[in-house]
Amino acid sequence: MLKEKLLELREQALSNIGSADGLKALQEAQIRFLGKKGPITEVMKSMGKLSAEERPIVGQLANEVRKLIAAKIEEKKADLEAKLLELKLEHEKIDVTLPGRKIATGSPHLLASIIQEVEDLFIGLGFSIEEGPEVEQDYYNFEALNLPKDHPARDMQDSFYITDEILMRTHTSPVQAHTLEKHKGVGPVKVICPGKVYRRDNDDATHSHQFMQIEGLYVDHNVRLSDLKGILTVFAKHMFGADREIRLRPSFFPFTEPSVEMDISCFRCGGHGCNVCKGTGWIEILGAGMVHPNVLRMSGFDPSEYTGFAFGMGPERIAMLKYGIEDIRHFYTDDIRFLKQFDRA
Amino acid sequence: MLVSYNWLQDYIDLGGVTPEELADKITNSGIEVEHIVYPGEGLKGIVVGKVESCAQHPEAEKLHLCQVNLGTETVQIVCGAPNVAAGQKVPVATVGARIANNVKIKRAKLRGEISNGMICSLDELGFDHNFVPKEYADGIYVFDDEVPVGADALPYLNLDDAILDLDILVNSAHCMNMIGVAYEVGAILDRPIQLKKPVVAESDQLASEKISVSVDAEQMVPYYGARVMNGIKVAPAPRWMQLRLIAAGVRPISNVVDVSNYVMLEYGQPLHTFDFDQFGSNHVLVRFAGDHEEITTLDGQLRKLTDEDLLITNGKKGVAVAGVMGGENTEVSSDTENVLLEAAVFDPISIRKTAARLQLRSDASSRYEKGLDRNRVALAADRAAELLIQYAHATVLKGIVEAGERTVAEHQIMMPWQKINQVLGSEFAREQIVGILERLNFKVNVEGEIMQVSVPARRFDVTIPEDLVEEVGRIYGYNHIPATLPEGTSSHASLTPYQKIRRRVEGLMNGMGLSQAYTYSLTSKESASSYAVSNKGIEPTQVIWPMSEEHAALRQSIVPQLINVAQYHLNRQMPDIKFYEIGKVFLPVKGEARPAEEEHLAGIITGKRTERNWEGDPDTVDFFSVKGIVETLFDSLGVANHITYSPSKREGMHPGQTADILLNGEVIGYIGALHPRVQKNCGLNETFVFEVAIESLLRHGEAAIEYHGLPRFPSTTRDIALVVKRTVAAADLDRVIRENGTPLLKSVQLFDVYEGSHVAADEKSMAFSLVYFDPERTLTDDEVNVVHEKIVSACAEQLGAELRG
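Residue numbers (the working numbering), protein chains in the order written: chain W, 20 to 364; chain H, 28 to 832.
Just so you know, these hints were derived from the structure itself, not from any lab. On a predicted model such as this, the values are computed, not experimentally measured, just so you know. The reader is advised that the hints may include incorrect statements.
What the hints assert, rightly or not - With a cut-off of at most 27 angstroms between alpha-carbon atoms, the simulated DSSO-like pairs for lysine-lysine come out as follows:
hint, chain 1, residue 1, chain 2, residue 2
1, H, Lys331, W, Lys168
2, W, Lys91, W, Lys55
3, W, Lys203, H, Lys446
4, W, Lys359, H, Lys527
5, W, Lys359, W, Lys256
6, W, Lys359, H, Lys617
7, W, Lys121, H, Lys635
8, W, Lys297, H, Lys52
9, H, Lys133, H, Lys71
10, W, Lys168, H, Lys380
11, H, Lys617, W, Lys215
12, W, Lys256, H, Lys527
13, W, Lys215, H, Lys635
14, H, Lys380, W, Lys121
15, W, Lys297, W, Lys256
What the hints assert, rightly or not - Covered by chain W, per the in silico footprint, the following chain H stretches (three or more residues, Cβ under 8 angstroms):
hint, region
16, 187–198
17, 451–459
18, 515–528
19, 599–607
20, 621–630
C-beta: ideal position from N, C-alpha, C; glycine also.
Looking at chain W on its own, in the form it has when it is part of the complex (with noise of 0.2 angstroms):
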């Protein structure tokens, strides 16, 4: 008798749990079979009056039926669980392709990342960078740049003079002297160095007051200047493209004996001529030269011991060239929508 009744509502309880639609109707059927009050507790009461043969078999039917009616309910209410959950995840459904909260970031100038670029490859080749004064004495901008008082090629760069012996630096050459005095005569020296020079000029589409140079120097036993021109290679494949060449043409510079100035080859047409280069297939870049034996001398090297080169370079220049950038006054402006189209340079 029982055991038809435990049967009876092991039917029962199933169904009843398969059909129920939701966690309460499944709460309630849990109680309703599974409660202390309910039909399977009062099986198990009433369970005294059985034989001693039937109690066992009796007792276990109950507690299979009990187990498997708390199992379907588990099963249930994870599958109830989930379903809730899908449903409610589908009412936190958003437009992803609303844009997201981004972290506004500044852009770097274009000049210090072209000077950074420069710093880092010479740091690679051995290169220290030195800093000088922007405010210099006239001997370090020019005499000991041998560049005595009356020389004519001071004409070739007009100065902001504050008195007749200070001045604003021309070019960022007194930074050598200042280095080599440093090292008292002895090498090697190997330095970059980048700053802020000033001319007298107008500002105008390619003329600016004030500007930036990256000078170069190194000075050692044995320096030629077939070293110069190796280590030109590598700036020039660096900073223009692996399949660049370099020409050097003799030029002058009071500092450096011999003087040249050096090309590379197009990067636009790659040499065979366009308006890059006006059609010669070479754009100048930069000068350089042997240090010249008198500025050695007067920074306390020995020229019969020590020869070295130099070479300086705009990076306003090479900016202009590389990104074809038509006026030097942009890098003063700041003009943001400038600034932004080189975040990445």
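We have chain W; now place chain H onto it with these hints.
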């Protein structure tokens, strides 16, 4: 220097070398040829015609009917030039010809008369009017009689020439004359040059009977030579000379003037001719001018001289400013018959100073300044004499009357010939090196390892062994020198600690949304004095001779320039901007011309905190935005613990929203809002700025990083709300809390500030979160309570703080 390709062939065979090829070779050997001009480019159909007859046009008073023989035919041409006449040989643009500006000549009817071409002026053939001789300035050009009728006119006008424009730098002054260029091209092409020694058929009369020369400033005047010539007839110079002068950019004037210009162009030696009848004495005295001495120069200007200027005098008064410009009183005129020709050497620096001071830079003075061939001076005088005999009927008196040495010895350079290879990194054989130097017409003598080079005076720029290295390198061509990498001492390099931190600061600023600006160091005097972190009240450093008021003084702060940047953007509808700059400021030092230079970091922010987006309008920036930037900076640099902020009043800043930044009690910067008045004047919205003396902040590099093991015991957090008078600063509470919380108090964080109805009108409530921690054990409540109560009572005692209920 304008170099005529045709003229150059007087001295060197240029066969097989086109003007372009020549220009390339010259450029690649060290003197840049800036461009080549072909003066006859585009001209065609211009022939030499002979005006057989010239009659009045029946219908037009100013026109002539000319029958012109073109060699193959005689045609009628209508000509309007006032100087046309029968018998002249003239350039004729025939029907179908092209003249200057690509104008095509057609058969035309002028007032009813047929015109089969055009008789041309020099302007119409493309000559620059500024260089056209006066006699042809208002009409057609007229050839001399030697020109054959019917011939192509262009060669006779030097219009088959090519003009190379050489950019002469200080070291290439030896090419400021045709002979110098010939030597240079000879070396480049490895071809010989031919120079003719001038031959002067002197008269028997001694020049020294007419003139004597003395120099009172021997240091400045190593040589002064004078020739005397009589019986001169002033007239136009011959066509070839006129055309060569025009090609060189010099306007022909008269045979006497043209000869001295021509010889200067040929020899590089400036010459001056005086009208000897106006000279006023028979003695030339060269001396320094007296202070305030005056002379009226050729251009009619009265010049005031100083005792540094060299003056040519007749013993009493000045007749020329030496090497710069002649005097009006002795100028050669059309009536001149007797001349005194000066060929002298003056000190370059003296000439340079005088020319600069008088603002009189001439072809002559620039040659004196840059240097000339010391050994060519008498030759130049002879050359001029030769030409004046030939073209001005001059009788040249015997001898050059002179003071000083006419020539100097050649300069000797001794060096190991291998040094050239050592410096260039090349592997030239000895013969190659000697060969190149000999191409330059240097004499070379090698004994063993040592080479002795005798350098002619015309190459005054070659004085030391390194100069010879350059000569060999540039003539051989640097392209043939290998590229190597240095073999010297290997060295290691890295950024200095400061350079490293500065890069990090740049990255940090970019990360916080500030873009990097580069602005000018030179600014107006007003702007240079404002916004300095510490203004000592000394005038800003100023340049003597500014280009404009805008760039006259050195900035003591970056902020004014950043204000300009903000203004620029606002004026272009970009109201939300954040910028920073790292750069030098220049702080005047009392009693010193040179200012102290310090690198500063400055920033400016205005507008929205973030970009506007779909979630709504973001707040605008305020004081705490700018403070957050510097605090983040100080945190990142590990100096936050040494930094304090104190309210301050600064010119141009909001008096209630500005704070000094102190490092260990010393002011190193400031933050705050611009004064509303400044904002209004500049048309700015609410704008906030900061400036920090970053170099002094980081002078000693960064503190070393100290590692602490991870905590093994939990910390205890207690919140505390204190009610204080509104005048009590948050920093004071923070300080009292920290002072009384040691050593267990680990951190203090202000998380709420309240003013309003729940506290009294003059009070505010500030809530802090305090974290207590002991690295060795877990703290008990009792232990924390002791410290916490101590803090509360200290705040009460020192700042009148009450625990908020």
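Do the hints match the structure? See the list:
1. H/Lys331 to W/Lys168: Holds, at about 24 angstroms.
2. W/Lys91 to W/Lys55: With Cα atoms ~18 angstroms apart, W/Lys91 and W/Lys55 stay inside 27 angstroms; holds.
3. W/Lys203 to H/Lys446: Distance of about 24 angstroms is within 27 angstroms: holds.
4. W/Lys359 to H/Lys527: OK: W/Lys359 and H/Lys527 at ~24 angstroms, within 27 angstroms.
5. W/Lys359 to W/Lys256: This hinted pair holds, its Cα atoms lying about 26 angstroms apart.
6. W/Lys359 to H/Lys617: violated (42 angstroms)
7. W/Lys121 to H/Lys635: holds (14 angstroms)
8. W/Lys297 to H/Lys52: Within the cut-off at roughly 18 angstroms; holds.
9. H/Lys133 to H/Lys71: This hinted pair holds, its Cα atoms lying about 13 angstroms apart.
10. W/Lys168 to H/Lys380: holds (11 angstroms)
11. H/Lys617 to W/Lys215: holds (25 angstroms)
12. W/Lys256 to H/Lys527: Judged against 27 angstroms, a Cα distance of about 26 angstroms means the pair holds.
13. W/Lys215 to H/Lys635: violated (33 angstroms)
14. H/Lys380 to W/Lys121: Violated, at about 64 angstroms.
15. W/Lys297 to W/Lys256: Holds, at about 21 angstroms.
16. 187–198: Result for this restraint: holds, n = 3.
17. 451–459: holds (count 3)
18. 515–528: holds (count 10)
19. 599–607: n = 6 at 8 angstroms, threshold three: holds.
20. 621–630: Contact hint for the region 621–630 of chain H vs chain W: holds, 3 residues under 8 angstroms.
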